[in-house]
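Could you build all of it, start to finish, from the sequences and the hints given here?
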Amino acid sequence: MMDEDFTQVLPSELTYKILSFLNAEELASVQKVCVQWRELGNSDFLWHLQCILKGWEKYESNPPILNLEPMYAYHYSSTGSSPLFDLKIPECTRLSPLCKWKHIFLRVAHLMKNWSKGRYCVAPILRGHTDKVNALDCKEDCLISGSSDRTVKIWDLRTCQCVTTVEDFFDSVTAVKIFGTSVIIGCGDGTIHIITITSGQRERILHGHHDSVNHLCIQGSVLISSGADASVCAWSLVSHDLLRHMLVHTDEIECMSSLDNYVVTGSWDRTMVLWDIISGACVHHLVGHSEVVLCCQFDTSEIVSGSADGDVRIWSFLTGLCLHVLSGHKGEVYCVAYNADCIASGSSDSTIILWSHEGKIQHILKEHMGIVRCLHIHGERLVSGGDQRMIVVWDLKAGRKLSTLHRHPNKLNLMWVGETKLITATPEKCGCMTVLTFW
1 MMDEDFTQVL
11 PSELTYKILS
21 FLNAEELASV
31 QKVCVQWREL
41 GNSDFLWHLQ
51 CILKGWEKYE
61 SNPPILNLEP
71 MYAYHYSSTG
81 SSPLFDLKIP
91 ECTRLSPLCK
101 WKHIFLRVAH
111 LMKNWSKGRY
121 CVAPILRGHT
131 DKVNALDCKE
141 DCLISGSSDR
151 TVKIWDLRTC
161 QCVTTVEDFF
171 DSVTAVKIFG
181 TSVIIGCGDG
191 TIHIITITSG
201 QRERILHGHH
211 DSVNHLCIQG
221 SVLISSGADA
231 SVCAWSLVSH
241 DLLRHMLVHT
251 DEIECMSSLD
261 NYVVTGSWDR
271 TMVLWDIISG
281 ACVHHLVGHS
291 EVVLCCQFDT
301 SEIVSGSADG
311 DVRIWSFLTG
321 LCLHVLSGHK
331 GEVYCVAYNA
341 DCIASGSSDS
351 TIILWSHEGK
361 IQHILKEHMG
371 IVRCLHIHGE
381 RLVSGGDQRM
391 IVVWDLKAGR
401 KLSTLHRHPN
411 KLNLMWVGET
421 KLITATPEKC
431 GCMTVLTFW
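Following our numbering, the numbering of the sequence shown begins with 1 at its first residue and continues without gaps.
Among the hints, a few may not be true.
When the alpha-carbon atoms are kept at most 25 Å apart in a straight line, the in silico SDA-like pairs for lysine to any residue are as follows [said to hold, decoys possible]: (1) 117 - 82; (2) 117 - 140; (3) 360 - 319; (4) 88 - 112; (5) 132 - 202; (6) 113 - 376; (7) 330 - 287; (8) 366 - 351; (9) 139 - 299.
Everything labelled a hint here was simulated from the structure, so no lab data went into it.
Below, the structure written as C-alpha cells:
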C-alpha cells in the first residue's frame with residue numbers, strides 16, 4: 001500500500017487519467033476525502049466526461065440548463081415533493097466555485113430524478129377553447145393550440161394566459177406547427193394558414209388540399225402536409241409555392257412521419273407510402289396490414305408501423321420489404337415509438353409492449369386502463385398517456401414503472417413532452433389543457 005498521496009507523486013496528466021475511469025458517484029466520493037482532492041475533482045475535464053457518458057452534453061445549450069429557471073417556483077407541487085433545484089453553497093468558503101460541467105451534471109441528474117420520482121408542479125388549467133383541442137405545439141414558453149371551435153390560441157406558459165386568439169377560420173383547426181416566429185395551421189376546409197406568433201396576423205393562406213389537413217411536418221424550409229383527401233403536398237416556406245402534390249393512397253391519411261428528405265404516410269387504405277419529397281416519387285408502397293395504419297415512425301434503416309389489425313410491423317427502409325410482424329396485442333395499436341434498443345407499442349388492450357428490433361417481446365407493461373394513446377421516448381425513459389386520465393413514466397431498459405402521475409385532472413387526447421415539461425389536451429368539449437413542469 002502506498003504511504004504517499006498518489007496525486008502528489010504522479011504527473012497531473014496521469015492523475016486525471018486515473019480519475020477519468022471513475023463513475024460520477026465514485027468521483028464525488030473522491031472529492032469528499034480532503035480539500036486538495038475536492039479541488040482536484042472539481043475539474044471541467046472530468047465532469048464533462050461524465051456528461052458525455054450519460055448523453056447529457058447537449059444540456060449545455062439545448063436547453064441551457066445552467067440558465068433554466070423554475071416555471072412555477074411557488075405553485076402547487078402535486079406530489080408533496082418539490083421539483084425545484086436548490087444547490088446550497090456557503091457564502092464564506094475556501095473552496096473554489098463549482099466547475100461548470102459538474103454544475104450541469106448535478107442539474108440534469110436532478111431533472112432526471114424528478115421524472116423518475118414523479119416530482120412535478122401543476123400549472124393552472126389552460127381554459128379558453130369552447131370545443132375539443134385537436135392540435136398543439138410548444139416552443140420554450142409559447143404554446144399553440146388549435147380547436148374544433150375554429151380558433152387558434154397562443155399561450156404564454158409563464159403566466160398561463162392566452163395572449164392572442166386567432167379567429168375567422170371557416171372550419172375546425174386540425175393541425176398546428178411552430179416554425180421560427182410563425183405558426184402553420186391546417187384546417188378542416190383544406191386550407192393552410194401561416195400566422196405571425198407575436199401579432200396573430202395572417203402572413204399567407206396556402207391552397208392545395210380539397211379536404212381536412214390533419215398532419216403537418218417541417219424539414220428544413222419545406223412544409224409537408226397531408227390529410228383526408230389522401231394526398232401529400234410539399235411547400236416551400238420561403239416562396240410559399242406548392243412544390244409537389246403526391247397521390248398514391250386511395251383513402252384518408254391517418255398518420256405521417258418525416259426525416260430529412262423523406263416522409264412516411266399511413267392510411268385508411270391499409271397501406272403505407274415512403275415518399276421522396278425532393279422528387280415527389282413514391283419510393284415504396286408498403287402493403288401488409290389488414291386494417292387502417294394508425295401510427296408510424298422511421299429512420300434510414302427501418303420503418304415501424306402500428307395498425308387497427310393489432311400488429312406492429314417492421315419494414316426495411318431500403319427495400320420496402322416487411323422484415324417482422326409483431327403480434328402480441330389484443331386490440332388496435334394506436335401509437336409506436338422506438339430507439340436503438342427497443343420498440344414500444346401502445347394499444348386499446350391497455351398494454352404497452354416493448355419489443356426487440358428482431359420482433360421478440362421484451363416486456364409487457366400493464367398500468368393503463370383503456371386505450372394507450374401516446375408514447376414518448378427520451379433516453380431510457382418512456383412516457384405513456386392514455387384513457388382514465390393516466391400518465392405513466394417507465395424505465396425503458398428495465399421494463400418497470402417509475403411513477404404514475406395520478407393527479408392529471410382531465411382525460412387525455414394529445415400529449416406533448418419536452419425536456420422539462422409535459423402538456424396534455426382533453427378530448428372533451430371544454431377544450432382544456434394541462435401543463436406539468438418537472439423543473
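The hints, checked one at a time:
In summary, the hint linking residue 117 to residue 82 is supported, as the alpha carbons are separated by about 11 Å, within the 25 Å threshold. Restraint check: the Cα-Cα separation between residue 117 and residue 140 comes to about 24 Å, which is no more than 25 Å; the hinted pair holds. Distance check on the hinted pair: residue 360 and residue 319 sit about 22 Å apart at the alpha-carbon level, within 25 Å; holds. The suggested pairing of residue 88 with residue 112 holds, with an alpha-carbon distance near 19 Å, which does not exceed 25 Å.
Among the hinted pairs, residue 132 with residue 202 is consistent with the structure: their alpha-carbon atoms are about 23 Å apart, no more than 25 Å. Annotation: proposed proximity of residue 113 to residue 376 holds, straight-line Cα distance about 17 Å (limit 25 Å). At most 25 Å may separate the alpha-carbon atoms for a hinted pair to count; residue 330 and residue 287 meet this at roughly 21 Å. A distance of roughly 5 Å separates the Cα atoms of residue 366 and residue 351; the hinted pair therefore holds under the 25 Å criterion.
Under the criterion of a C-alpha separation no larger than 25 Å, the hint pairing residue 139 with residue 299 is consistent with the structure, at around 24 Å.
The structure shown violates none of the earlier numbered hints.
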